[in-house]
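**Student:** Read off the chains here:
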Amino acid sequence: MARDHIKYDRNVAYQRLVDEEEVFSTYVEFFMFCAALGYSRDEKVPQAYKGAEHKLLWSHIEGTELFETVSKCIAYQETEDPDVLDDQERQLEFLAEYAASGAEIAAEEFETIGDDLVGMVTRFVLEESPGSEAERSESDVSNLL
Amino acid sequence: MKLETLELTNFRQFKNGKIDFSTDQDRNVTVIHGQNGAGKTTLLNAFTWVLYEEANFDTREDRLVNEGQITKAAPGSTLTVKVQLTFFHENDRYRATRTVDYTKQNNQDLDGEMGNPSFSLEQQSSPGNWDRLSEGQKRVKQILPDRLRSLFFFDGEDIEELAGVDNQEQIQKAIQNIMGLTILERSISHLKQVADEFEAEYREYADDEVEELFRNRDKLEQRIEKKTDQIQTRKDKRDELSDRIEEITTQLENIDESSDLEQALQAAKEERSSVNTELEAVDSTLSSELTKGGTLALALPVIKETSADLEELQENDLLGSEVSADFLDTLLDRGKCVCGRPLEEHSMYYERVEDLKSEVGVSDIGETAVRLIAAAEHADEDYRDLEKTLLESLERRHTLADELAETKQKIADLEQELDNLTLPGDSGTKSPAELKKEREEAEAQRESVSQDIGMLIEQRKGLEDDLDAVSADLENAREEQEQATLAKKRWRAALQTRAEIESSFNKVQNAVRKLADQRVSTMFESIAHKDLSAEITDEFELRIRQRVGDQWTELSKGTGETQIASLAFIGSLVAIARERYEKDTQSSYFTGGIYPIVMDSPFGALDDDHRRQVARLIPDLGSQIIVLVTDAQWGGPVESEMEDISGAMYTLDFDDGTGDGNYPETRIRTEKALKVDY
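Protein sequence lines correspond, in order, to chains A and B.
Going by the working numbering, the first residue of the first sequence is number 1, and it counts up by one from there.
Going by the working numbering, the first residue of the second sequence is number 1, and it counts up by one from there.
Bound conformation, chain A alone (with noise of 0.2 Å):
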């Protein structure tokens, strides 16, 4: 029977971005936003999960399709093979090893203390993103960035 989830630990941007400002709802969504963001940087902690202290359950991942599609997308670009489409420990384990490293990021990037870590997160996102450079009006963005 194939796992139903991954461990991994909760650093302090956990505490600061979920159980203290709640700029995120759930820590779910947040270990999706961190993974997101190690891929992105190509940045990851092999065998992060190894002695990891929390429990994250497939069942949330594959609860929203958004999570569940980022999931597979980027287990398979990592291996580049398709049987991982339906692999979901192979999947979870990357999304384990990506977070913990995205975790490290969102950490240093947000530990001044300031009163507006929603502010801060939401110009993180938007220069962070290549995701549509070419639509985006770049005065438009620098003028609040």
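Keep in mind the hints are simulated off the structure, nothing from the lab.
Every clue listed holds true.
What follows is a list of derived Cβ distance ranges for each label pair: (1) B:T399 / A:D87: 47 to 53 Å; (2) A:T26 / B:E443: 32 to 38 Å; (3) B:N56 / A:T26: 57 to 63 Å; (4) B:T389 / A:H54: 29 to 35 Å.
None of these values were measured; they are calculated from a predicted model.
Even glycine gets a Cβ: it sits at the ideal position worked out from N, Cα and C.
Once you have looked at the hints, place chain B on chain A.
**Tutor:** Using the frame of chain A, we list chain B on its own:
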């Protein structure tokens, strides 16, 4: 119950008089107006006296007899005070009569000696024939239960108090009363005593370990009680400070030198609060967008890249192009292909997909890839929407931050100007600067007290968790002695029964609260300003809120709106009672009923606008309304609104009796009466 006539004889300032109430459905209001002291409150008391032998006068409660008549009476003679109320109830006509004799003892006796009041209730058997009922008083209390009296016969000036946080108890009690829930409340309290007795018995036979658990539980309960007291004391302190802050603000607004500055300062503070509220709303939008959108934004490239790779594999048949029959069925049901083409029944594309069903093999990977490619198609569009929202929200934040900085500067400037007003007021009172300083101190103190309250609530929560754990241990404890086992069973049975009754009680109470809330809200919104709303909160507070931008803030007490909301609450109870009656349900508690509302001075000290609003609301409050109102309140908008909707109208002509040896007397003059034959 529908009131028909009220007749008074020798009752206080009414030597005699009769009122025919409007029983018309469309013109359901009877108006009785007169100058102050003319006898409105006496009439309200006449209702409660005839029905329940209860009267509440400011002076000489026991003196019901007419002053002029007793003075003129010969020594030894007897005067009868009588109030008679004719009413309909469930198609029967009743006549309630209460009398009391006063005997004049001697020439100097101007009060008379009061005899025992007597009461009769008669039911009409045929025109002109009345049968006296044997248990008249009991029947009256069945028709209009005593506990509902204050809900339907009330002084309008008192009901404004229903709105506001201090009056949860009154709202809760009224809701319990309307459903007859007080009987359940008594059972709960009785079962507590029973449980305590069994507990004492259990402890007597229980072993040391259980006794230790009980001791722990007692200690925790005492600590929780102490925390609750501390929280209440601090809440009282916070309310006291809030009152003082409000008082200082009013003082500063009333001092000539500071009036304009203070008003500008309050306006600036309101502006600051409104900007802050909007900022919070923008941040909340950003948070909810980021919570999933953040992942989408960062993962968009990997999604697009993977989608392109999979498409290529698919084209080269490297994925296994087959998909499952279930998947094809889903596409057909949805009416849309993965490529976005519509799949209309009998169309070429529909049939192609249908044909594929016969060829399908099992390839989960192929199906997953098709899903991924489809998901990637809308990811780009979702990202564009997200980016637009994020940029717009950031821009709005920018603007709001500028506005906030400007408002803060304005507040600082105005405060500085107030600080410069150091001269005392005309009568040696404190200077505006001193008052402002006092207010700042009170505000700081209130902030600190509020923090204490938060901390204490947290601490109490911890103790409650501990108590739950100890109670669970007590539940699971095993008993050695037979007597202890039996006592424990009894104790648990009493606790369980109590918990079950409590749960039913809370359910019914909450259901009625929700009904009342819906009605209050609809009734209030139909009449009040569109940016205002009224609600009965989960904590049984009748609250009025005002819309500021996209947010709602609580409206302060003492406004005309609180009077409107309070009346709407009474109206909601009348409606609930009526609905329950018409549903004809079998209930052990309350079968509902149709009740009239008799209200004294519902317009209080309201301004013309609010009087007009209240006047519009009145006919909708119940099926029959009797309004007692002073001449001063009656004129203007009230008269113009109510003239056409009232079916009967009376004036109380008061003669103070000065000048020619007469005594104060009120005569009831008919202005308008709808004649109805019974």
